[in-house]
Amino acid sequence: MITDFNPGRHDDVSVASELGPLNLADKPDGPGAAAMISAGIGIFVLGFFTTAAVISGGIKSFLLWWEWGQGVGPLAGKSTLAILAWLISWLILDLLWRKKDVELKTAFYIGLGLGILGAIGTFPTFFELFH
Amino acid sequence: MEFTSRETWTVIHGLVLGTLFLLAFAGGMAGLWSLRPGLMTTEGIQERMKRLYIGAWVMAVVAWAAVITGTWIVYPWYRVQLSLVGEDAFAGCAGAILPNETCSPRDFLKSNVSGNTETWHAFGMEWKEHVTWAAPILATAAAFLIAYYGPRLIARPWLRTAVIVMFVGAFAAAVVGGAFGAFLNKIAPIV
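Heads up: the protein sequence lines correspond to chains A and B, in order. Going by the working numbering, the first residue of the first sequence is number 13, and it counts up by one from there. Going by the working numbering, the first residue of the second sequence is number 2, and it counts up by one from there.
Bound-form chain A, shown alone (with noise of 0.2 Å):
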């Protein structure tokens, strides 16, 4: 899944041969995979965390501890703690992916799986099954 960059392994030219005038180098995969996993990680945390609050008083109380007395409630820290992740993931795995090539056919199918538990994480009749 992961390799070094090779900057002949796309030959764009060949399929849209309009590219060529623009001269474009090719450029590794590795960003736009850390792009499309840690937007997963992202989701996954936010549905995570609501699921979480509804199962366990100490999350909620954990959760509501982002509010800084705004008066936003526990959603103060689901969404909080989503944007860490979404953020912290996608530095580390850019940092790490930078010069790499990375299948990203892979990539997004981890980053749509992870997208689609969260989602379903913050859905209603799902969470409320474990009230």
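Worth flagging that the hints you see were computed from the coordinates, not collected in a lab. It is possible that some hints are incorrect.
[Stated by the list, open to error] Listed next, the in silico BS3-like pairs over lysine-lysine satisfying Cα-Cα at most 30 Å (straight line):
{"no.": "1", "chain 1": "A", "residue 1": "Lys117", "chain 2": "B", "residue 2": "Lys51"}
{"no.": "2", "chain 1": "B", "residue 1": "Lys51", "chain 2": "A", "residue 2": "Lys111"}
{"no.": "3", "chain 1": "B", "residue 1": "Lys187", "chain 2": "A", "residue 2": "Lys39"}
{"no.": "4", "chain 1": "A", "residue 1": "Lys39", "chain 2": "A", "residue 2": "Lys112"}
{"no.": "5", "chain 1": "B", "residue 1": "Lys187", "chain 2": "A", "residue 2": "Lys112"}
[As the list claims (entries may be wrong)] Residues from chain B that keep clear of chain A, each with C-beta distances beyond 12 Å, as calculated:
{"no.": "6", "residue": "Leu16"}
{"no.": "7", "residue": "Leu24"}
{"no.": "8", "residue": "Glu44"}
{"no.": "9", "residue": "Ala90"}
{"no.": "10", "residue": "Gly93"}
{"no.": "11", "residue": "Ala95"}
{"no.": "12", "residue": "Ala156"}
Here the structure is a predicted model, which is why all the values come from computation and not from measurement. Glycine included, C-beta positions come from ideal geometry on N, C-alpha and C.
Model the placement of chain B on the given structure of chain A, informed by the hints.
Chain B only, in chain A's frame:
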């Protein structure tokens, strides 16, 4: 003819930012869809890509602005508990036909004092407030991919489709938020 401060923020959150998001999505989607081999000249690609970059990043920025204003400004007015008196959680809502100074929108919906309204909170608001945070994440990731690969997306239909899936995913999350936001503000407006 005037708006209160709360009404103004509700309009900014839902109407202004929501409309901008829709416009940016429509433009971005049209641009992404047309990134296909043989459809544009080289000059056309350069011109089209500039608009696509702007549209995608505007959509991401607007999505952030919408969820931040919604969560940190408007939502606390919705969820504040005003109706609790002694043991009765909804005493302040007795006889109310709309939220008021002793009955917040959430109190009003959960109290069922004006019909069967609790599900609007338990399903509508609970779904909206959570899933909409997926919109800026997906919109930002899609904008990054568009900016990173640029015209190369024309020659890579699979990657272009993946970006479209993320772009549409952001839109779908925002639609849940926008639609339930409109319904909830009709049934239990922020006052």
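Right, here's what the structure says about each hint:
Using a Cα cut-off of 30 Å, the hinted pair A/Lys117 and B/Lys51 holds, with the two alpha carbons roughly 27 Å apart. Using a Cα cut-off of 30 Å, the hinted pair B/Lys51 and A/Lys111 holds, with the two alpha carbons roughly 26 Å apart. For the hint pairing B/Lys187 with A/Lys39, the CA-to-CA distance comes to about 49 Å; that exceeds 30 Å, so the pair is violated. Distance check on the hinted pair: A/Lys39 and A/Lys112 sit about 9 Å apart at the alpha-carbon level, within 30 Å; holds.
With a CA separation close to 51 Å, the supplied pair B/Lys187 and A/Lys112 exceeds the 30 Å bound. The beta carbon of B/Leu16 is kept farther than 12 Å from every beta carbon of chain A, the shortest such distance being approximately 22 Å. Look at B/Leu24: its CB is around 23 Å from the nearest CB on chain A, clear of 12 Å, so calling it non-interface holds up. A Cβ of chain A approaches the Cβ of B/Glu44 within 12 Å, the least distance being about 9 Å, so the stated non-interface status is violated.
The non-interface label for B/Ala90 is consistent with chain A: the shortest C-beta to C-beta separation is roughly 16 Å, beyond 12 Å. Non-interface status of B/Gly93 relative to chain A is upheld: no Cβ of that chain comes within 12 Å, the nearest being about 17 Å off. The beta carbon of B/Ala95 sits about 24 Å from the closest Cβ of chain A, which is more than 12 Å, so the claim that it is off the interface holds. Distance check for B/Ala156 against chain A: the nearest CB is about 4 Å away, which does not clear 12 Å, and the non-interface claim fails.
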